[in-house]
Amino acid sequence: MEDLLSYLHFVVLPQMIDALIIGAALALVALGLTMIFGLLEVINLAHGDLYMLGGYAAFALLGWGTGYWGALILVPLLIGLVGWGLEEVGIRPLLARADRATVTLLLTFGVSLMLRDVAQVVWGTDTHAVAAPFSGITGFAQVFVPTYRLFVLGVSLAAIVATWWLIYRTRIGAVLRATAVDPSMVASFGIPIRWVYGFTFIYGCGLAGLAGVLLSPIYAVFPTMGHDFLVLAFAVVIVGGMGSIIGAVVAALFLAQVQGLASLWIPPVWAETLVYCVMLLVLVLRPSGLFHRIGEA
Amino acid sequence: MLQTNIPNIGAKPRPKAPARSGIGLRLQQAMQSGQSDPRQLRWVGLVMLAVAAVFPLFGGSFFIRLAIEALLLGTVALSVDILLGYAGLLSLGQAAYFGLAAYISALMYLHVTQSFWLVSLVVVTIVGVFSLVIGAVAIRAKGVYFALITFGTAEILSKIAHNTRAIGGSDGLIGIPVPQIPVLPGLRLDLSNNLVFYYFVLTALVLIYLGTRRVLDTGFGSVLRAIRDNSDRVPYLGYNPFWYKLIGYVMAAQIAAFGGLIYPLLRGFVAPHLFGFEISTKAVVVSLVGGIGTLLGPLVGSVIITFLESVIGSYTERHLFVLGAIFVVFVMFLPDGLLGLARRLAVRRRARP
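Sequence order for the protein chains is L and Y.
With the working numbering as the guide, the letters of the first sequence map in order to residues 1 to 297.
With the working numbering as the guide, the letters of the second sequence map in order to residues 1001 to 1353.
Hints may be right or wrong, so weigh each one.
If we take Cβ atoms under 7 Å as the criterion, some of the chain Y residues that face chain L in the derived model are [as the list claims (entries may be wrong)]:
no., residue
1, Phe1062
2, Ile1064
3, Leu1148
4, Ile1156
5, Glu1309
6, Gly1313
7, Val1331
Derived by calculation from the structure, the hints in this document are not laboratory data.
Since this is a predicted model, take the numbers as computed values, not measurements.
By construction, the Cβ of each residue, glycine as well, lies at the ideal position given by its N, Cα and C atoms.
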């Protein structure tokens, strides 16, 4: 009994805390994906690479001397602008086409390949370390967590709450939710839909950029980091329900726990496979995901 | 507006969307669907076949092997086209079957048997079962989910292969022997001879192409196309779309698996990247470049892209960027591919007085 308790305390609990932190950051990436799908019905396969660009932008800005705090503010804005450019130039012209779901998926896929290669040209294939703004370890009840990770958790949760507040408690959010249901009705009230779409992309991609900055001191940055994260983010969005805000958060926290706890007992690569099997299971039982779409209900 | 052959994979129709589907347009689409103009296609096909048949006389062994690689990529592209052009399913993970077949075939040649036919049998069986299971889940999930599931499946397989020591991990498997293939009593194909290898793959691909064309010209193909164009109405005609899509999916998987079956014999090794997104992506790019829904287009595209890459590769390392750029340009400006462009040019010329 003693053994079990100390096992839970010293092995399982730290792993769960770690998974909570990863889950919160994962939720940021998933939120952007799900918002963009909910409003535009565009699956942004370049989203993982925007997260990657966020990491590299942090690395570059730190090199230019903005400091970590400067990067934390600037990177989401920069990545948001990149996302806006993608929407303006690439996706907007395709939205009117009848086959927009397919063509935008293909387009963002192509963009994702290009971004990854651009990152390799500019920064090389090596892994770059990004310095955390503070070191140190916080301990509570004999469980020790690097202080920076707690900071990541705090910022991620704050961003999640802010997003919820924005969407469900403000006028902008009301417009977003209405657009998800019926864009032409929103347009007939005199609200320019292209700005709504632009805002969605800026905000969603900005969140991916934020996740990139936050996680870069933990995982370092490398060209394929976005690609690796994307599969996980899509599992999250599928389990939570494509286009669901609450679903993205809940599923991110849940799947991160599944992966974190499973990798205690099985090799990490099988833990990832397990997450994927959970996704398949949800697809079989509830093909539209666990939660309702933005704007519905 | 451009007439595209890329089917919509299930975006929810927007309420009050501007009407862009008059009966005339519908009819036009239905007539064009799948095969543009069979006669033109046949000419393109025959010319290509003639070029392919005499090609080894002029190309050195490097180019012959490159051509074999193009033909093998063509199998994956063909399978993408069957799914996208006929069933309206966008698969971003067709390399899963290419890689699966390649690994099975490599493992069997290394440890079990040298018999090509036995290996083929095992590959067909395993790929069949695997594609039935994945296909059943992916097709039930519909629309954009299909693309994501196929993408994810290939990614996971690639990761498993990457991290499993027993099958070589990230290094893959090397030193795969090249078998002799007994075709008829007294006639054995020696694949270590480049020319024999080339004509063997070419013949097989032509047979696969003709077979696919034949199958898709039957009622089965018509039902698939009907599902692609309007999957909500097909059930009212008494067809269950699920089974037709599933059969199409398994068929496509087997064709991609043929490429995988041969690949280890060409290169002598297999590695986790065979499952990876790069081959899946290339297959989609190649179909897009050639023209989706033509069956011939993907083969044309595959030859063009493979040789283009080889040329680019001698100048720059940046394959991905070039692939991505080609992708973007074709999606935005030439959605009906090179064959579609050729057709439009031909139509315009004929219309001129």
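Structure-based check of each hint:
no., hint, in the structure
1, Phe1062, "violated, 26 Å"
2, Ile1064, "violated, 29 Å"
3, Leu1148, "holds, 5 Å"
4, Ile1156, "holds, 5 Å"
5, Glu1309, "violated, 13 Å"
6, Gly1313, "violated, 14 Å"
7, Val1331, "holds, 5 Å"
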